[in-house]
Every structure is written in structure tokens, then in C-alpha cells.
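Engineer: This is what each chain is made of:
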Amino acid sequence: MTEPVSHPDHILCAWGIARDFGGVHALRDVDLHVVRGTITGLIGPNGSGKTTMFQVISGMDQGATGTISFDDESILGWRPSQIYRRGLARTFQLSRVFPELTVLENLVVAGSRHDRSVEERAFGLLERVRLREYAKVRGKNLSYGQQKLVEFLRVLMSDPALILLDEPAAGVNPTLRQTLWDMVRHLNGLGTTFLVIEHNMEVIADLCSDVYVLSEGEMIAHGDFAAIRNNEQVLEAYFGKKRKSGTA
Amino acid sequence: MPENDQRSISFWAGTVLVGLALLAPFGVNEYYQSFLLQVFLVIALAQAWNLISGMTGYVSFGHAAFFGVGAYTGALFLTWGYPWWIAIFNGAGIAALIAVPLGFLTLRLRGPYFAIAMLGLNEVGRIVATLWVSVTKGGTGLPLPPSLLPSLDITYFMMLSLALGATLLIAWVHRSRFGLELRAIREDEEAAEMVGVNTTRNKVTAFVLSALIPGAVGAVYAMYTSYINPASAFDPARNIEMIVVVLFGGSGTVWGPIIGAATVMFLREMLWAQFPAAHLAALGVLLLIVVLYLPGGLVSIVRERHRERPDARPGESP
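Heads up: the sequence lines are chains A and B, in that order. In terms of the numbering used here, the first sequence opens at residue 1 and continues consecutively. In terms of the numbering used here, the second sequence opens at residue 1 and continues consecutively.
A portion of the hints provided could be inaccurate.
[What the hints assert, rightly or not] Using C-beta positions, here's what the derived DEER-type ranges look like:
#1 115/A - 120/B: 38 to 44 Å
#2 130/A - 272/B: 44 to 50 Å
#3 110/B - 36/A: 52 to 58 Å
#4 289/B - 199/A: 33 to 39 Å
#5 109/B - 141/A: 29 to 35 Å
#6 112/A - 112/B: 33 to 39 Å
#7 232/B - 170/A: 43 to 49 Å
#8 26/B - 112/A: 49 to 55 Å
#9 239/A - 109/B: 43 to 49 Å
#10 115/A - 291/B: 46 to 52 Å
#11 7/A - 168/B: 52 to 58 Å
[Unchecked claim] So, partial list: chain B residues that the calculated Cβ filter (under 8 Å) puts toward chain A:
#12 149
#13 152
#14 177
#15 187
#16 188
#17 198
[To be verified] Sample of chain B residues with no beta-carbon within 12 Å of chain A, all distances over it, derived:
#18 101
#19 102
#20 115
#21 180
#22 183
#23 184
#24 197
#25 200
#26 224
#27 278
#28 282
#29 301
Just so you know, these hints were derived from the structure itself, not from any lab. For clarity, every value in this text was computed on a predicted model and none was experimentally measured. Cβ atoms here follow ideal geometry from the backbone N, Cα and C, with glycine treated the same way.
Let's have the full structure, built from the sequences with the hints guiding it.
Structural biologist: Okay, here's the thing in C-alpha cells:
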């Protein structure tokens, strides 16, 4: 664990995050720093602790130890709604739109209570992904891909400074997937920071300037994608132990 | 049907019903007036239950406890010589006050755990009313001197006001940001919290509002019956009645509890006259049919006709 000293360029700093579930160490002394204005990748094999890390950062898992600062403010122990209102939003691995609410309501509920133009903002976002005509359709009547897209739009309602995306493109058709990544690039260009969990390495290579690799709850590597892809520990985590020469 | 048309129909239907209810005491005998008063009582209780259980998804099996608290508070204030309106105000206030800490404690529980905790609350209320003899007169009950009671007409209009007030409250909540947040909590509480909804604050507010109404209704009920005891004030059957009425009419809707209360009360009265021994069983069968074939309640018959469709469907496949 490094000393918890935040850097002005870092929008999110996590130091020494540990989370146990009974005897299982889901996260062990994990450090992670996200530079403001970047798209940072968080990768690792299944079960490595990526989603647990998101749960801890977003306040949904209150059982972790360590230090988390967002925009120079310690947020460990805050309610998820407080963290969201502070400017850190997240999406879920599996779509969690509100099934009985309309698409418009799904977006409006995530906007500010005090924003009088919250509906206009929602319509504007729907327009951008050509879902405006679905505004009055209930969440449960959308396709899975559309639900994921609506969930992504939902977190944009608060104009967050940092968005955690948990496999946003999983189960989404190629057209919508492209729409989604285009939007991520566009928002990043406007200054929004992203931390992305993604299994598609082409996407990670294309989008992320910085990549963290988790394996069995430990942060095993950090750097740009070119460095990560040749890292022995990373290859071992993904493909198993290297076979010694001469063995079958 | 456009949304504005639906609102317009709702408004005019509501206005006509309220007009008829206001005129009823001048054109019907005491039997029908009492019957209507009981319908209003059930509407108000069902709307209260609808707020916490229908809109927020926290199914309560113990809201009769607030009714009981209101009934005893109202009765006691009347016997202490306070005017009826102060008795009602205090009935509602004490029920709401109890609901604040209780909400913070019980709304941490979910699903059946919350339901059972609330069922326990009703039992606690009944036992306290039985054992606190110095105040409640225990199992003997609390008779109210007729000289202190308002007339049937005034009691009727009070109950009508409570039913109307509860319905207007639900209608406002339904259209408000607060209501939207409650519905988001009902759908997925974690996801709601994750998009900035302060779930604890919203749930406790809904819970307190849903306790306030039965508190006031209980106080008026005590004036109507002029006698209460622990069994009648904390009757567990009243919990079932609230749930049945809302399920019959349509949970989480404004009109559901009204339609449900009118239908259930009318059917109960009819079936009771026709099948005195088996009227509850017959009502149970009817409820089963509605729950199995119309899970959205009777209002869903109208809703299903106007299911939403997108204006156009882009070529999207999952």
C-alpha cells in the first residue's frame, strides 16, 4: 500500500482497499488512481474483484477498509446517493432499468430535484441515441441492448465528473455498442472521466490511456495497454501458469 | 387514449362521485349512510396502505396498528373533554409520531421480514391496549359518552373528507417527483439509491404519511362506533381488508383503492345477505380469481387497453 497522498490530476484515488466475504479475500490492499479527463480500464479474469471494486467505490458495499477520495474528498462510508450527487455515477453489469417506469421516468428520476429542465435534458439525451420515440415505453418493454443504453443515459442525467461503466457493451448489438462507445468518446472529449470494466481488449486498447489489472483480488499490473499486454503476471492471470520448456 | 384525456376523465369522474357523496345524506336513510361511511373508511385506509405498500413496495401487514392508536388517542381526547377536531388531529399526530422511529427501524427490513415486523406491531398495540388498564380500561373497552360525539351527518362528512384527502394525497404523490422516487424504490431500491434517490428519507416519509391517515380514520371510527376495545381497534382483519381492497382494485394506482373498496364492500354486503354462512369464502374465491387473472387489479382492465407503444420502432434487436 502506498501512502495516501492525492495528486491534483487524480479525480479518484483508492488506497489499500480490502474486502473480505467470510474467508474469501475479494480485494486485497488494492490501490487505484484515475487521472482526471481520461478513460481508464479495469480488467481481469472473471471473479478477480472488478465489480466488487465498483461496489466499494460507489458506496454500495459498505464493508470495505482503506481510503477512497473523489475530487479530494474522502467518500468511503458515504451513501451511494450522496456519492452520485457529488458527481460519481455508475452503471451495472446487468441492466437495472426500472422495469415499470417509462424510459423518460427512468431518466428523470436520476436528474436533479431542483432542475426545472430535467425533462428537456432527458429528451435531449434520448434524441442523441435515437430513442426519443421510446420515451413513454416502460423499461421492461425495451430490448436488452436498449435497456443498457437507457441505463447509460440515466447516469448522464446528473452530469457526473466520473462514470464507472461495468461492462456496458455486454449483450448489446454491434450498432448500439458503437453508439455507446461513440458517446463515451464524445463525453470524454468534453471532460468526463471514465473508469471502465470491459472484457473486449480491442475496446480497452482503443479507448483507455491507462489500464489496471486485477487478479484474485490483487492489483497485479498498471500501465498503458502496450505494457499490460506483455506483462508476465497478466498473461499468467489470463492464460494460467507458463509451461516450462520440455513439459507436455 | 392521450394522457390529458385520461386526466380529464379522472377529474370529472371524481367530481361526480364527490358530488353524489356530498348529496347522499340528504337522500338516503341511515343504513345506506352508514354503509357509505364504511366505504369511505375503507377507501382512506386502503389509500394509506397503497402509499407504503403499493407505491413503495413495502408490504405492511400491520397498518391496523396506526388505526388502533388513532382510535384510542381520539377516544381518550374526547373523554378528556377536547373537541372532536382536536381528537382527530391528535389521533393522526400520535400515529405519525410513532411511525417516525418505527420507520427508521423496520424499513431496513425487506420483503416478508418487514411484513412480519408490522404484523408484530399490530399485536403489540393490541396487548398494550389490553394491559394499560389505567388509561385504556383494558379489555373492558372505552365507551364514549353520546353527549361528546358528533352527529352521524358530521361523522359521515369527516370520513368522506378523510377518504377524499387520502385520495388527493395519493394523486399528488403519483404525479410528483416524490412519487416517482417511491416507484423507483419499489422497482429496484439499490439502483434507485445509485441514481441519487435518498431511499431512507423517502421510505420513512411515505411510511409516516401512510400512518397519519389511519390515525385520523381511527379517531373518527371511535366517534362513529362510540365504543372501542383492543379487539376492535387492533383487529388484524382490518389489515387483510386493506390489502384485499388494494389488490382487488389495483395496487400503486389512484383509482384502485376506490374501485376496490366500493366493489369489495358492495359484494360483501350482497353476499352476506345471500349466503350468511359462506359470504367470506365466496369473497375469497372472487379475490383469488382477480389475483390470478387480473394481477393488476380491476383498473388494469382499462389500462391494458391503452398499453404504450413506441411511435416507431427502429431496427433494433437484442
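Engineer: Run every hint past the structure and note whether it holds.
Structural biologist: Here is what the structure says about each hint:
| no. | hint | result |
| --- | --- | --- |
| 1 | 115/A - 120/B: 38 to 44 Å | 42 Å, holds |
| 2 | 130/A - 272/B: 44 to 50 Å | 58 Å, violated |
| 3 | 110/B - 36/A: 52 to 58 Å | 38 Å, violated |
| 4 | 289/B - 199/A: 33 to 39 Å | 49 Å, violated |
| 5 | 109/B - 141/A: 29 to 35 Å | 31 Å, holds |
| 6 | 112/A - 112/B: 33 to 39 Å | 35 Å, holds |
| 7 | 232/B - 170/A: 43 to 49 Å | 57 Å, violated |
| 8 | 26/B - 112/A: 49 to 55 Å | 50 Å, holds |
| 9 | 239/A - 109/B: 43 to 49 Å | 46 Å, holds |
| 10 | 115/A - 291/B: 46 to 52 Å | 40 Å, violated |
| 11 | 7/A - 168/B: 52 to 58 Å | 55 Å, holds |
| 12 | 149 | 45 Å, violated |
| 13 | 152 | 42 Å, violated |
| 14 | 177 | 6 Å, holds |
| 15 | 187 | 4 Å, holds |
| 16 | 188 | 6 Å, holds |
| 17 | 198 | 5 Å, holds |
| 18 | 101 | 20 Å, holds |
| 19 | 102 | 21 Å, holds |
| 20 | 115 | 21 Å, holds |
| 21 | 180 | 5 Å, violated |
| 22 | 183 | 6 Å, violated |
| 23 | 184 | 5 Å, violated |
| 24 | 197 | 6 Å, violated |
| 25 | 200 | 8 Å, violated |
| 26 | 224 | 37 Å, holds |
| 27 | 278 | 37 Å, holds |
| 28 | 282 | 32 Å, holds |
| 29 | 301 | 18 Å, holds |
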